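Given the sequences, and given the hints that come with them, work out the whole structure.
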Amino acid sequence: MAMSTGKPTIVDVRTPQEFAAGHVPGSLNIPLNEVPDRLDEFRAMAKPLVLCCRSGARSDNAMRYLQQQGVTDVHNGGSWQQVLAETHNP
2 MAMSTGKPTI VDVRTPQEFA AGHVPGSLNI PLNEVPDRLD EFRAMAKPLV LCCRSGARSD
62 NAMRYLQQQG VTDVHNGGSW QQVLAETHNP
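In terms of my numbering, the sequence shown is residues 2 to 91.
Check each hint, because a few of them may be wrong.
The calculated EDC-like cross-link candidates involving lysine to aspartate or glutamate, where the alpha carbons are at most 20 Å apart (straight line), are [stated by the list, open to error]: (1) K48 x D61; (2) K48 x E87; (3) K8 x E42; (4) K8 x E87; (5) K48 x D74; (6) K8 x D74.
No lab work stands behind these hints, which were simulated from the structure alone. Predicted, not measured: the structure shown is a model, and the values here were computed from it.
Encoded structure:
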């Protein structure tokens, strides 16, 4: 996943129940259905933003929506397990 330098802000767009069952340490949980109502929060977050979910489909939808709304440096990280492996390797 190509992105700008800096530590990413990781946002998991799964449901709170899915998030509670396992997630990337330090990630934020903003369910996909809440993304439009929390647009200002996304704009204020430190960039780059990496979105994740169970498979990458919901995070892709969220990424496309945020990009359409002018949010920059936002990336689809795919599944939360993939993001975990890429960001928390020893």
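We went through each hint and held it up to the structure:
As the CA atoms of K48 and D61 are separated by approximately 17 Å, the hinted pair is consistent with the 20 Å bound. For the hint linking K48 to E87, the alpha-carbon distance of about 17 Å falls within 20 Å, and the restraint holds. Distance restraint check for K8 and E42: the Cα-Cα separation of roughly 18 Å lies within the 20 Å cut-off, and the hinted pair is therefore satisfied. Taken as a hint, the K8 and E87 pair is honoured in the structure, with Cα atoms around 12 Å apart against an allowance of 20 Å.
For the hint pairing K48 with D74, the CA-to-CA distance comes to about 6 Å; that is within 20 Å, so the pair holds. A distance of roughly 12 Å separates the Cα atoms of K8 and D74; the hinted pair therefore holds under the 20 Å criterion.
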